[in-house]
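A.B. asks: Sequence:
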Amino acid sequence: MVFVNSHPSNTGTIFRVKGPLEFKCHLDSTDALLMHKEISRTFETLRSKVKSKSCVFNLFESPVIIWPNTGVYITPEEITPSTLCEDIHQWIQTDEHEKSGKKSGKRKIKKGSVASVINLQLMTEVTKPGPVSAPILSRTVQKSHFLSTALPMDCVVCTSCSDTIKDACEKLVEALTHQLSEMEKVALQHMNGATLLMPEPLHFLLPEQKGLVTVVYPTGVPDSQLETQRKDLHQQFDLPEDRPYFRRANVYHFPNEPYKDGYLRNPHLVLTHPNLDNGKVYLVQGIYSYHHYMQDRMEDNGWGCAYRSLQTICSWFQQQGYVERPVPTHKEIQQALVDIGDKQTSFVGSRKWIGSIEVQAVLNQLLGVTSKIMFVSQGSELASKGRELANHFATEGTPVMIGGGVLAHTILGVAWSETTGQIRYLILDPHYTGAEDLQVITDKGWCGWKGPEFWDQTAYYNLCLPQRPNVL
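So for the sequence shown, the working numbering puts the first residue at 306; every next one is plus one.
Source of the hints: derived by calculation from the structure; they are not laboratory data.
Treat each hint with caution, since some may be false.
[What the hints assert, rightly or not] Below, simulated BS3-like cross-link-like pairs (lysine-lysine); rule was C-alpha separation at most 30 Å, straight line:
hint, residue 1, residue 2
1, K358, K490
2, K476, K342
3, K323, K476
4, K354, K471
5, K536, K354
It should be emphasised that the depicted structure is a prediction, and the values quoted were computed from it without experimental measurement.
The whole structure should be built from the sequences, with the hints applied where relevant.
C.D. replies: Have a look at this one:
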């Protein structure tokens, strides 16, 4: 069920090979044992295929083709089995000019990314060199059940700066072979009559340097029915059982893959932490989406900041795997408040503000999430809340919504010195009205570190601190 890779790092390279393998199996009997044997025989044939000379890796957006099982034969000839993995980047074409052959150059790898990714396509040769023989046709009449599908192979290995192409290929072939064995186990375990559930390989990046792990789940089986498997995985990797790590929402997002919904994720990661005397930084744990004014074709400029902060919080719970429901719209938030009797029916569709108490109520109503409320009678008192906020981000790690007067913001972390009392707040500002431009958002301070003077010193503030549910 699991393939463990080394941990991706800034200096290493991730090799990822994807591609379909045709699974074709004749079942001449309805006997479960015989069907299982035939399916296992078909998987063994596929394992032999990925170890054979017909297995080929094609480097995406490049002319590079690798035969991993023929002494690692590669075209072009300038690349050899002893070529370092990191040197393969220069063969990847990065723009239209390069694709037309007019230009060649190294792909620029952004510093600070988790790891650079080399994408390979899994293929198999269908012809052999030499003269082609005339086809021979035969016809057999028999009743049988024919299973035919394309297995979605998706294997990842992490390499170090000293690894060669030969090293990477050996690891990839091993990973493909292992993944086919795991797919076989899942297919047989979840077989219903003569129907096979498609095995689905998923990658998860575990905390505390435990590495990138590949798990095979049965497609179509919801997370709610896979709790036993997840519990076994938590025990295997010595992970706490009070938070999810192996739900589908926890799948590792590769650095080179854009998010399809258009929202920015974790814009704070590009910021430099503030320097405080004997200070420590405490940050939101996990992934969230940045929600702000004027998104989703909703003209909420001037009244929707708390709604947007709530949406950011909801996105965190969704992307950590605690809930499956989509991030609620403004109307769904308003309807939730009507449903619990907090607002009148006329509130739905209005442009009325909400505050921290309403955010707490909606989180409980829609997500089943409880929250603590911190009351601050005036903004000047926030400077003394470093210990409470640091403890929240160290233990719960959820985004915090803060409302005061007519403004709402999201707090993503604090830098705090226990000895001097100095504090800085990492603020995500929902009042931004522009495009999803990370550089503008960070350069202009829409996501940035702020000092105690950021708050209105005389206004009251309520902070909503969402709590993690204890689930795996």
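A.B. asks: Please go over all the hints and tell whether each is borne out by the structure.
C.D. replies: Hint check results:
The suggested pairing of K358 with K490 holds, with an alpha-carbon distance near 26 Å, which does not exceed 30 Å. Only pairs whose Cα atoms come within 30 Å are accepted, and K476 paired with K342 is accepted, the gap being roughly 28 Å. Straight-line distance between C-alpha atoms of K323 and K476 comes to about 14 Å, which keeps the hinted pair within the 30 Å bound. The hinted pair formed by K354 and K471 meets the criterion: a straight-line CA distance of about 19 Å does not exceed 30 Å.
Between K536 and K354, the direct Cα distance comes to roughly 34 Å. Violation of the 30 Å bound is thereby established for this hinted pair.
Of the numbered hints given earlier, the model fails hint 5 alone.
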